[in-house]
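S.K.: The lines below spell out each chain.
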Amino acid sequence: MKYRLDIAGQTVEMEAHGTGKGEAYHVTIGNQVYHIRYLALEGGCYHLFVNGRAAEAFVARTEHGKQVFVKGKCFLLRDAHRPLLRRGKRPGLQDGPGEVTPPMPAVVVRILVQEGDLVEKGQGLVVVTAMKMETTLVAPRGGKVKKINAAVNDKVAPGDILVEIEEEEKEEEGVEENG
Amino acid sequence: MFKKILIANRGEIAVRIIRTCREMEIETVAVYSEADSAAAHVLEADEAVLLGGSESSESYLNMERIIEAAKQTGSEAIHPGYGFLAENPEFAALCEKNGISFVGPPARVIRHLGDKVLARKTMKEAGVPIIPGMLTGTTDLKVLAQEADKTGYPVLVKAVAGGGGKGMRVVRDPGSLEQACIEARSEAEKAFGNGALYLERCLERPHHVEFQILSDHHGHVVHLFERECSIQRRHQKIIEETPSPSLTPSLREAMGKAAISAARASGYVNAGTVEFMLDRKGGFYFLEVNTRLQVEHPITEMTTGIDLVRKQLEIAAGHPLSLEQEDIIPRGHAIECRIYAEDPEAGFFPSPGPVLLLREPSGPGIRNDCGIYRGFEVPVEYDPILSKLIVAADDREAARRRMIRALETYVILGIKTTIPFLIDLLNSEAFIAGHTDTGFIERYFSNWTQRAEDVHIACAAYLADELELTSTTARSQKAPAGWPTPWQSLGEWRL
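Top to bottom, those sequences are chains A and B. If you use numbering that gives the first Met the number 0, the first sequence corresponds to residues 0 to 178, in order. If you use numbering that gives the first Met the number 0, the second sequence corresponds to residues 0 to 494, in order.
No lab work stands behind these hints: they were computed from the structure. Please read all numbers here as calculations on a predicted model, not as lab measurements. Ideal Cβ positions, reconstructed from N, Cα and C, are used throughout, including at glycine. Where hints are given, some of them may not hold.
Stated by the list, open to error - Okay, the calculated bits of chain A under chain B, using three or more residues with CB under 8 Å as the criterion: (1) 97-104; (2) 139-153.
To be verified - Below, simulated DSBU-like cross-link-like pairs (lysine-lysine); rule was C-alpha separation at most 30 Å, straight line: (3) A:Lys-154 x B:Lys-236; (4) B:Lys-165 x B:Lys-70; (5) B:Lys-123 x B:Lys-280; (6) B:Lys-256 x B:Lys-236; (7) B:Lys-120 x A:Lys-154; (8) B:Lys-165 x A:Lys-70; (9) A:Lys-154 x A:Lys-143; (10) B:Lys-96 x B:Lys-189; (11) B:Lys-123 x B:Lys-70; (12) A:Lys-120 x A:Lys-145; (13) B:Lys-165 x B:Lys-3; (14) A:Lys-154 x B:Lys-165; (15) B:Lys-3 x B:Lys-120; (16) B:Lys-123 x A:Lys-120; (17) A:Lys-154 x A:Lys-120.
Please construct the entire structure, taking both the sequences and the accompanying hints into account.
M.R.: In structure tokens, the structure reads:
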């Protein structure tokens with residue numbers, strides 16, 4: 000069985016030889032070979048032996064992939080073959096798609112732009128609140144606000160596209176299109 | 000002693016209060032909002048009363064409704080916990096008016112200490128050192144500009160009715176004072192309905208050290224030593240410890256005496272906390288009195304062995320405090336980590352949602368004050384604190400290692416938490432050296448991301464879970480309940 004997994008910002012190739020529960024098998028992770036055995040304990044808890052060394056891991060299945068806990072660290076592992084569930088990278092980190100979505104479930108407090116506005120990368124677009132804290136969602140890249148799909152007091156979730164930004168042609172910059 | 004009390008709070012602190020009540024054979028009434036009908040505190044209490052909608056204003060801040068619930072259930076006292084109505088003088092007064100004991104100081108003391116300028120004046124008169132700055136509040140920008148020149152830059156703009164970092168600004172040069180004051184004034188008006196501001200000298204990289212006090216109705220005051228609370232994000236504490244690594248025995252003694260003077264000067268009753276700022280030369284200054292049980296109170300309980308909630312209830316019932324200062328001898332070192340539903344990789348953005356998996360740490364010297372359980376949906380409406388993990392050990396290093404071990408076995412899945420961040424923080428050279436001033440996280444941990452260690456173990460677990468998924472689906476669903484026996488977990492076998 001072959002797997003391609005997205006984990007911690009990298010894609011890991013994994014191949015397992017040998018099948019069946021409780022059986023020992025060899026797993027190639029990246030370019031290393033591991034000898035692995037496991038015991039499935041109560042829901043989501045796995046007692047692993049990796050090259051003979053015990054390790055404990057906990058797995059929760061979510062709509063975005065498997066969340067795995069190992070020694071205080073929490074990873075999201077996603078099948079790299081599956082299309083991305085519109086969750087995307089955190090906004091503001093790089094020039095991503097021109098779509099703005101909240102990183103967590105939240106409520107819209109203020110909308111700072113209007114459709115048709117020209118915005119710069121990093122400019123605040125929508126202020127959302129979750130758990131008593133306000134956060135400003137910023138433009139992942141410069142461009143024109145094509146559509147706003149949210150209103151004040153809306154409950155929104157990751158994946159909901161609140162603002163769509165389309166790229167402005169360089170030549171047209173500064174030229175009013177609609178007069 | 001009271002026969003029954005109402006707890007006007009939610010989550011971990013309500014659960015914590017209920018536990019002491021049970022030990023004291025006091026019946027408990029929980030209150031809850033629509034979002035919290037299956038919250039941990041509701042399940043833990045003897046009775047539960049629905050207050051109203053999920054908005055705090057309709058539920059946990061709804062004074063009339065809470066008083067009504069207390070009367071309807073025959074509760075003799077109300078414990079406000081922390082946050083919500085804990086430091087609201089109107090609520091304390093309303094309890095007094097309705098013949099219900101408020102577990103906290105009298106309304107007049109809360110009002111007096113809630114006015115930060117008045118509190119500064121009182122402390123100055125009582126000989127408690129205060130941060131140089133203004134002793135009256137104002138909304139006049141001209142007056143503030145003149146005062147700033149007198150105090151010197153950098154200067155701290157603060158709201159008279161302040162708290163939680165709201166209406167607070169650091170101003171480094173005269174050019175940016177006006178804009179900062181306008182912002183702070185409007186923020187304070189919105190948050191507290193009072194836009195008055197005052198100025199204080201801004202201390203560079205101060206330590207935040209607070210003293211726990213207990214004071215009864217008969218004028219007897221003791222302190223229960225300090226808590227170091229300098230590691231903060233967004234002016235909110237995230238790790239606390241006691242004793243403070245930055246106090247010498249003589250400084251500790253001087254600050255303890257100042258804390259008692261502060262309590263006496265304000266006519267304090269019940270449990271409270273006197274907060275000080277400590278500069279790098281060992282000078283300490285009164286900051287404010289928190290007129291409630293603090294979030295971080297368990298570290299004091301761990302080192303002194305005194306149950307602060309029990310003391311609060313005894314004091315509220317009018318009992319004299321049976322503790323002398325010499326009786327309070329702290330032992331060892333305690334650390335608390337606040338576990339928030341937040342994504343530390345995304346600027347500590349809140350992370351509400353369902354708790355899919357929960358396993359609490361255990362072992363010697365470990366205490367977990369927890370307000371969630373597996374299957375609970377962490378609501379979006381309230382503060383993101385999930386639980387507080389507290390450890391105690393013989394010394395700071397042993398406590399640090401114990402905390403790391405405990406955090407490494409604290410499994411919360413389904414939502415993001417601060418656990419991986421806290422582990423890295425406790426492992427850092429700066430924490431080990433005790434360099435825990437208020438700029439700690441900004442200086443050492445901005446743009447933190449989780450280390451990509453143990454990735455191969457996570458991959459192996461993914462695989463195990465995939466195999467488990469296919470084999471359980473193949474074997475017609477229904478996983479066996481409870482801890483599995485080898486007969487189940489070893490799968491197919493033959494003799």
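S.K.: Now, for every hint given, state plainly whether the structure supports it.
M.R.: Tested hints:
Three residues within the 8 Å Cβ limit are the bar, and the region 97-104 of chain A against chain B gives 3, so the coverage statement holds. Beta-carbon proximity to chain B at under 8 Å applies to 0 residues in the region 139-153 of chain A; the threshold of 3 is not reached and the given coverage is violated. At roughly 29 Å between alpha-carbon atoms, Lys-154 of chain A and Lys-236 of chain B fall within 30 Å of each other, so this suggested pair holds. With a CA separation close to 34 Å, the supplied pair Lys-165 of chain B and Lys-70 of chain B exceeds the 30 Å bound.
Between the alpha carbons of Lys-123 of chain B and Lys-280 of chain B the distance comes to roughly 21 Å, so the proposed pair stays at or under 30 Å and holds. Taking the CA atoms of Lys-256 of chain B and Lys-236 of chain B, the gap is about 25 Å. The hint holds against a cut of 30 Å. Restraint check for Lys-120 of chain B and Lys-154 of chain A: not satisfied, since their Cα atoms lie roughly 45 Å apart, outside the 30 Å limit. Distance hint between Lys-165 of chain B and Lys-70 of chain A is unfulfilled; the C-alpha atoms sit about 37 Å from each other, more than 30 Å.
Our distance criterion of 30 Å between C-alpha atoms is met by Lys-154 of chain A and Lys-143 of chain A, whose separation comes to about 25 Å. For the suggested pair Lys-96 of chain B and Lys-189 of chain B, the alpha carbons sit about 28 Å apart, so the restraint of at most 30 Å is met. Distance restraint check for Lys-123 of chain B and Lys-70 of chain B: the Cα-Cα separation of roughly 41 Å exceeds the 30 Å cut-off, and the hinted pair is therefore not satisfied. A hinted pair counts as satisfied when its Cα atoms are at most 30 Å apart, and Lys-120 of chain A with Lys-145 of chain A qualifies at roughly 15 Å.
Distance restraint check for Lys-165 of chain B and Lys-3 of chain B: the Cα-Cα separation of roughly 36 Å exceeds the 30 Å cut-off, and the hinted pair is therefore not satisfied. With a C-alpha separation of about 25 Å, the suggested pairing of Lys-154 of chain A with Lys-165 of chain B holds against the 30 Å cut-off. Taking the CA atoms of Lys-3 of chain B and Lys-120 of chain B, the gap is near 39 Å; set against the 30 Å cutoff, the hint is violated. Under the criterion of a C-alpha separation no larger than 30 Å, the hint pairing Lys-123 of chain B with Lys-120 of chain A is inconsistent with the structure, at around 50 Å.
For a cut-off of 30 Å, the pair hint linking Lys-154 of chain A to Lys-120 of chain A stands: about 25 Å separates their Cα positions.
Violated hints, in rising order: 2, 4, 7, 8, 11, 13, 15, 16; the structure is consistent with all others.
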